[in-house]
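Asker: Listed below are the residues making up each chain.
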Amino acid sequence: MQEVLEAVETWRTRGERVALATVVKVYGSAPRGPGSKMAVSDKGEMAGSVSGGCVEGAVFEECRRVLRTGRPLLLRFGISDEQAWEVGLACGGTIEVFVEPLTW
Amino acid sequence: MSIYEYLKQAIAEERPVSLAVVVAGQHIGARLLIDPRGERLGSLGDPALDELVAADAAALIEEERSETRTYIAGGEELQVFIESYTPPPHLIIVGAVHTAMILCTCARELGFTVTVVDPRGLFATRERFPNANALIVAWPDEAFPQLRMDRSTYVAVLTHDPKLDDPAVRLALQKPVRYVGAIGSPATQEQRRNRLREEGVPEEDLARIHGPVGLDLGGRTPGEIAISILAEMIAVRHGRRLS
Chain A
1383 MQEVLEAVET WRTRGERVAL ATVVKVYGSA PRGPGSKMAV SDKGEMAGSV SGGCVEGAVF
1443 EECRRVLRTG RPLLLRFGIS DEQAWEVGLA CGGTIEVFVE PLTW
Chain B
507 MSIYEYLKQA IAEERPVSLA VVVAGQHIGA RLLIDPRGER LGSLGDPALD ELVAADAAAL
567 IEEERSETRT YIAGGEELQV FIESYTPPPH LIIVGAVHTA MILCTCAREL GFTVTVVDPR
627 GLFATRERFP NANALIVAWP DEAFPQLRMD RSTYVAVLTH DPKLDDPAVR LALQKPVRYV
687 GAIGSPATQE QRRNRLREEG VPEEDLARIH GPVGLDLGGR TPGEIAISIL AEMIAVRHGR
747 RLS
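These protein sequence lines map, in sequence, to chains A and B. Under the working numbering, the letters of the first sequence match residues 1383 to 1486, in that order. Under the working numbering, the letters of the second sequence match residues 507 to 749, in that order.
Treat the hints as calculated values from the structure; they're not laboratory data. Hints may be right or wrong, so weigh each one.
The list that follows gives simulated cross-link-like pairs (lysine to any residue, SDA-like), each with its CA atoms no further than 25 Å apart [stated by the list, open to error]:
| hint | chain 1 | residue 1 | chain 2 | residue 2 |
| --- | --- | --- | --- | --- |
| 1 | A | Lys-1407 | B | Ala-565 |
| 2 | B | Lys-669 | B | Arg-626 |
| 3 | B | Lys-681 | B | Pro-668 |
| 4 | B | Lys-681 | B | Gly-729 |
| 5 | A | Lys-1425 | A | Gly-1475 |
| 6 | A | Lys-1407 | B | Lys-669 |
| 7 | B | Lys-514 | A | Thr-1476 |
| 8 | A | Lys-1407 | B | Gly-548 |
| 9 | B | Lys-514 | A | Gly-1475 |
| 10 | A | Lys-1407 | B | Thr-576 |
It should be emphasised that the depicted structure is a prediction, and the values quoted were computed from it without experimental measurement.
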């Protein structure tokens, strides 16, 4: 939380809503461990990270969706498919990311 | 006070706290904050589940670990992520020597709060330690009572002078600190252990001393020794026995 706290504080002070994405489970090797966080404001600003940059784009979109629907989501990202431009992790691990509106 | 505000305050005051959230199953998004001092905020939607999770959170925070666990509540399976917020690790360096300067810089990069203690004002200067969080020109017995010395604290004793090193090691061992490393060759270590034994330091505390300090990486320069000390601290933090 510490890694995104300053940005989250700034956005909240400006009255913006915030979505929070947290790595909650890691299988195999993954760049960032449980608890790693990324925050997105409803203005589209972003802070922190949940991987080595492989899935942040997809997580950003899900954060925006959660801000629209208000409903939390559990996402899972596995190994990337070399055949397609699919979102995934290059390191071969799998991560689960919980995305929620920061309403608590 | 909201859970967010409570968490923010605990982080600012460097106090440990656990935060649990249902990430799959009934009441997804429900949160419970557990303060090891006793206070709780929120709920996961089931008082019995709150109790189970609070007990697991207490064990996880001791290991500085966060993880998702599976529980059964109301006949249904659900997943709860338990996050441990622990204060930043605190490194106390006794001896404002050359190795200490590099150790201070590298430890700061890794997120440590660093305090440098040395009664010799010539060594313990801001010019030599520009990024130390605190620089205390005093003897260990004067400096230590003002410092946080808990399970997240690491003490590296580096002066090579028994007048300073002995009391620093003895006083550090009286606290529940995670790591006590003391510089010196195996012969120096043995002599120090004997002196401390005569002063009444118990054997189980003497066994806590990491000395010669640092992992054996083969390096000899101040920078190489600083890295070997930091490497040993990281291994201890994560429960690896390498030295």
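Asker: All the hints need checking, so say for each whether the structure fits it.
Answerer: Hint check:
no., hint, verdict
1, A:Lys-1407 <-> B:Ala-565, "holds (18 Å)"
2, B:Lys-669 <-> B:Arg-626, "holds (12 Å)"
3, B:Lys-681 <-> B:Pro-668, "holds (20 Å)"
4, B:Lys-681 <-> B:Gly-729, "violated (28 Å)"
5, A:Lys-1425 <-> A:Gly-1475, "violated (31 Å)"
6, A:Lys-1407 <-> B:Lys-669, "violated (49 Å)"
7, B:Lys-514 <-> A:Thr-1476, "violated (30 Å)"
8, A:Lys-1407 <-> B:Gly-548, "holds (23 Å)"
9, B:Lys-514 <-> A:Gly-1475, "violated (32 Å)"
10, A:Lys-1407 <-> B:Thr-576, "holds (12 Å)"
When each numbered hint is compared with the structure, violations occur for hints 4, 5, 6, 7 and 9.
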